[in-house]
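**Student:** What follows is each chain in one-letter form.
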Amino acid sequence: MSSASAIYLVEGVLLVAIQEDISDTDILDLQEALSERVVDEAARAVVMDISALEIVDTFVGRILAQLASVSKLLDAQTYVVGMRPAVAMTLVELGMDLPESKTALSLTHALKDLRGESRG
Amino acid sequence: MTETATETVLTILQNDFEEIVDAWISTQSDEGVQRTDLFSHKEGREQTSALVRALVTGIEKGATGDRFDLASDAWSELRNVLVDVTQERSERGVTPSDMASFVLALKAPVFYRLKDRLAKYPANLVEEIWLFTRVVDAFAVYCTEVFIAERDRIIEQQRDQMQELSTPVVELWDKVLTLPLIGTMDSARAQEVMENLLETILQRQAEVVIVDLTGVQTVDTQVAQHMLRMAAAVRLMGAECIISGISPTIAQTMVQLGVDVGEVTTRSTIRNGLADALSRIGYEITKKKDH
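So the protein sequences, as listed, match chains U and W.
Under full-length UniProt numbering, residue 120 is the last one in the first sequence; the count climbs by one each step, no gaps.
Under full-length UniProt numbering, residue 291 is the last one in the second sequence; the count climbs by one each step, no gaps.
Calculated from the structure, these hints are not laboratory results.
Any given hint might turn out to be false.
Here are the simulated DSBU-like pairs of lysine-lysine, each with C-alpha atoms no more than 35 Å apart in a straight line [to be verified]:
(1) Lys-61/W x Lys-107/W
(2) Lys-287/W x Lys-112/U
(3) Lys-42/W x Lys-120/W
(4) Lys-42/W x Lys-112/U
(5) Lys-107/W x Lys-120/W
(6) Lys-61/W x Lys-115/W
(7) Lys-112/U x Lys-102/U
(8) Lys-115/W x Lys-42/W
(9) Lys-112/U x Lys-115/W
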């Protein structure tokens with residue numbers, strides 16, 4: 001697996017920082033690897049940091065949405081964090097507003113939200 | 001006849017410097033183009049002297065006759081003075097035609113002196129007049145260009161200001177932004193507002209955004225869709241969007257148009273919106289007991 005999709009486990013949460021130069025095959029590999037890791041680690045959430053992504057196309061948008069749906073089936077909440085304004089506008093224009101994911105400004109915000117939830 | 005073309009003009013300008021300046025100024029008042037209401041006599045005199053000095057420099061460098069080109073280096077001093085004077089005067093409301101008349105008024109005093117000196121040499125006289133006319137006319141045209149450029153700059157500046165005015169994003173509280181929309185929304189403006197808002201969310205790391213529609217009279221389908229897209233984009237970035245102040249008319253329009261508001265939070269007034277926003281980021285508004 002390429003460095004474009006390293007996955008870290010922190011506090012039962014899988015963290016993925018998507019790299020700027022991620023290719024279509026990388027992201028497919030990531031989808032597969034991530035779903036396995038969710039089950040293996042019994043992760044309660046997946047946080048995907050996409051702040052490095054400057055552009056998204058329909059393919060990446062769809063994979064992001066699928067990742068969220070898959071994680072949901074595996075009982076993990078997906079967070080998409082750090083989305084850039086231009087990316088947000090593109091996804092909305094394309095009608096892909098990631099209904100299955102939660103969103104946060106940054107990794108810190110997502111983790112804060114997750115801790116809040118676990119306490120509640 | 002020892003003096004060659006334009007040298008006579010140069011001599012006249014150098015020898016009769018003060019008289020020319022005086023005559024130029026008085027021609028202006030004779031023609032009613034000296035706007036003493038807009039700038040003082042002293043300023044007018046300083047500007048006029050500076051122009052004549054720069055004119056002398058230009059002619060001294062020998063850049064007249066067939067080689068005359070106002071854009072050349074020899075005339076840079078005059079161009080700079082003209083730009084300064086024109087900008088100064090245009091800011092104070094002098095019109096382009098007043099400014100052109102002002103420049104052209106230089107002809108009369110110089111021509112009269114040329115006539116005195118070259119009365120016996122009609123051919124030289126005509127040539128001197130012709131060359132000097134070319135120079136002065138070029139100044140007048142240049143002034144007009146400066147005027148137009150200045151107007152363009154002002155229009156550009158005002159357009160930018162208007163745009164900023166129409167899309168104000170205000171940081172109401174730590175992590176809370178508000179976007180008070182006023183007037184008529186159209187698609188172009190809605191797009192602009194959205195871009196501006198999303199950028200500000202990123203910069204300020206805002207968690208809640210209140211879009212206030214109190215000042216918006218009507219919306220059409222497109223604008224309503226834009227509002228909802230904006231809310232969706234705000235959510236994608238990880239912030240929350242509250243829409244406040246929707247008027248009864250707009251609410252009816254939106255429902256009649258079948259616009260699906262979905263999960264967007266709406267609050268009746270910006271005041272309720274703020275209370276909601278503050279509670280979401282962990283603040284509580286309480287009233288002091290004594291009051």
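**Student:** None of the hints should be skipped; say for each whether it holds.
**Tutor:** Comparing the hints with the structure gives:
Proximity of Lys-61/W to Lys-107/W is assessed by CA-CA distance (about 20 Å); at most 35 Å being required, the pair is judged to hold. Taken as a hint, the Lys-287/W and Lys-112/U pair is honoured in the structure, with Cα atoms around 29 Å apart against an allowance of 35 Å. For the proposed pair Lys-42/W and Lys-120/W, the alpha carbon gap of about 38 Å is over 35 Å, so the pair is violated. Between Lys-42/W and Lys-112/U the CA atoms are separated by roughly 69 Å; this puts the pair beyond 35 Å, and the hint is violated.
Between Lys-107/W and Lys-120/W, the direct Cα distance comes to roughly 20 Å. Compliance with the 35 Å bound is thereby established for this hinted pair. In summary, the hint linking Lys-61/W to Lys-115/W is supported, as the alpha carbons are separated by about 24 Å, within the 35 Å threshold. With a C-alpha separation of about 13 Å, the suggested pair Lys-112/U and Lys-102/U falls inside the 35 Å cut-off, and the hint holds. With a CA separation close to 30 Å, the supplied pair Lys-115/W and Lys-42/W stays within the 35 Å bound.
Annotation: proposed proximity of Lys-112/U to Lys-115/W is violated, straight-line Cα distance about 91 Å (limit 35 Å).
The structure fails hints 3, 4, 9 (numbered hints given earlier, in ascending order).
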